[in-house]
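Novice: With the hints as constraints, model all of the structure from the sequences given.
In this text, residue positions in the sequence shown follow this note's numbering: the first is 985, and each later residue adds one.
Simulated DEER-style distance windows between Cβ atoms:
id, residue 1, residue 2, range
1, 1301, 1152, 31 to 41 Å
2, 1285, 1015, 27 to 37 Å
3, 1026, 1212, 25 to 35 Å
4, 1154, 1382, 45 to 55 Å
5, 1285, 1013, 29 to 39 Å
6, 1152, 1282, 47 to 57 Å
7, 1395, 1172, 14 to 24 Å
8, 1412, 1253, 28 to 38 Å
9, 1012, 1285, 28 to 38 Å
10, 1077, 1126, 19 to 29 Å
11, 1188, 1026, 14 to 24 Å
Below, in silico cross-link-like pairs of lysine to aspartate or glutamate (EDC-like), each with a Cα-Cα straight-line distance of 16 Å or less:
id, residue 1, residue 2
12, 1235, 1246
13, 1364, 1172
14, 1379, 1349
15, 1018, 1229
16, 1061, 1034
17, 1235, 1250
18, 1363, 1335
19, 1170, 1137
20, 1379, 1358
21, 1364, 1145
22, 1379, 1351
23, 1350, 1318
24, 1018, 1250
25, 1165, 1142
26, 1149, 1128
27, 1061, 1036
28, 1061, 1030
29, 1170, 1393
30, 1222, 1015
31, 1108, 1143
32, 1018, 1225
33, 1235, 1245
34, 1193, 1030
35, 1408, 1396
Calculated from the structure, these hints are not laboratory results. Each residue gets a CB set at the ideal place from its N, CA and C atoms; glycine is no exception.
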Amino acid sequence: MKRFIYFFGIVLLLASCRQETSREQITDPIDYNKYLATASNPTYDEALNEVEFWSKRLRPDSSGVGDLGPLAAAYTKLFQATGNASYLSDAESLYMKAMAISANNKDIYARGLARTYISQHRFKEAEEILRESYQGISSKRATEFMLFDALMELGNYDEAETFLKKLQNTSDYNYLIRKAKWSDHKGDLTNAINYMETAKDIAESRDSKTLKIWTYSNLGDFYGHDGRIRDAYLNYLKTLELQPDNAYVKKGIAWIAYSYEEDVEEVRRILDSVMVNHKVPDYYLILADMAEYEGNEKLMNSLLDKFIETASSNVYGAMYNTSLIEVLTESRPEKARRMAEIEIENRPTPEIYALLAYTMAMTGDKEEAGEIIDSHVRKKTFEPMSLYFSASVYKLNGNTKELKGVKKELEEASFELGPVLVKKIKEL
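Specialist: Next up, the structure:
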């Protein structure tokens, strides 16, 4: 299971293995120590100031429609800064009110609401509001970009591709980042990186802080997927230079320290800092994975319980459904399967089908699981976790030919999967 996703063997044996497979040291605390200070939280401070500013401008009857959009956007920034999903609910309410009372520019608020729905993993609702807006008076191109986003999340790839072809413009930043996403979906990581690097050039030519932060962090992820760990690290550092409290890239650096360098103490030091101001369930998964790596089963189970408890909170809605299914498959496979069956109704993507098949195999229906892998997953996704689920199902069904091919692909994704899964893959 990838829980952001290594067994602690005999110390001498582990030390020997590390000597044999020594890797270049990528991270250096000197580079990022200054960004781990928990007293400095400028993104949160800025977002809070914006909330206070726009709240004061809003008339007591909340009818100042021109102030509702910026206020909703400020609440979204608060969510991004803190991980507190209740701020998304605040943004949702404001966008809905703006749509209800606005005589003009309803499409702007519709896109804001759809963006909020996507953050909440309410993809069908996002698609619905965007289609309704698209049929009316709206900025067609801006709405088409967001329809592409929603359709990709829903697994409606043919229509998503139709929109992407319609939007084609290699000088357009918004087109390029989506073309990168499409290329990655198709397994063409080389072109995905090329498109993202072109988008980076545009962001830098505009000297847009917002675009540079987004592009550097996402380009760092792509480099990591491609095994270019140093390039990933350098892009994360470039992000932190612009946004010192960016929790996402600090987690990225922590993952390099864990998956590539196997330095669990440094990972804990980084995450201890991040978790002070950014509280999301994800971190429990990384910590649980490290506990499993160290052979501390008691701590691992305790951390997984914390993840389940927090991720199951109503405030998160469906945001952590896939991770919950992964975790529960190990301990409560029947419940995980029921959740996967519901999730597939909402998001019939190859990745969710792979997860459903895995839960089915774990509950005894390995033949049916194999059929799902063959019809809905095989050659339809290149996402490492989906490949791992496929490999597990192939193993249970004795399909050694397919298992051998998938294992080869998984070996190339060792950095993304992490050491615990790498060990499990070798045992398949």
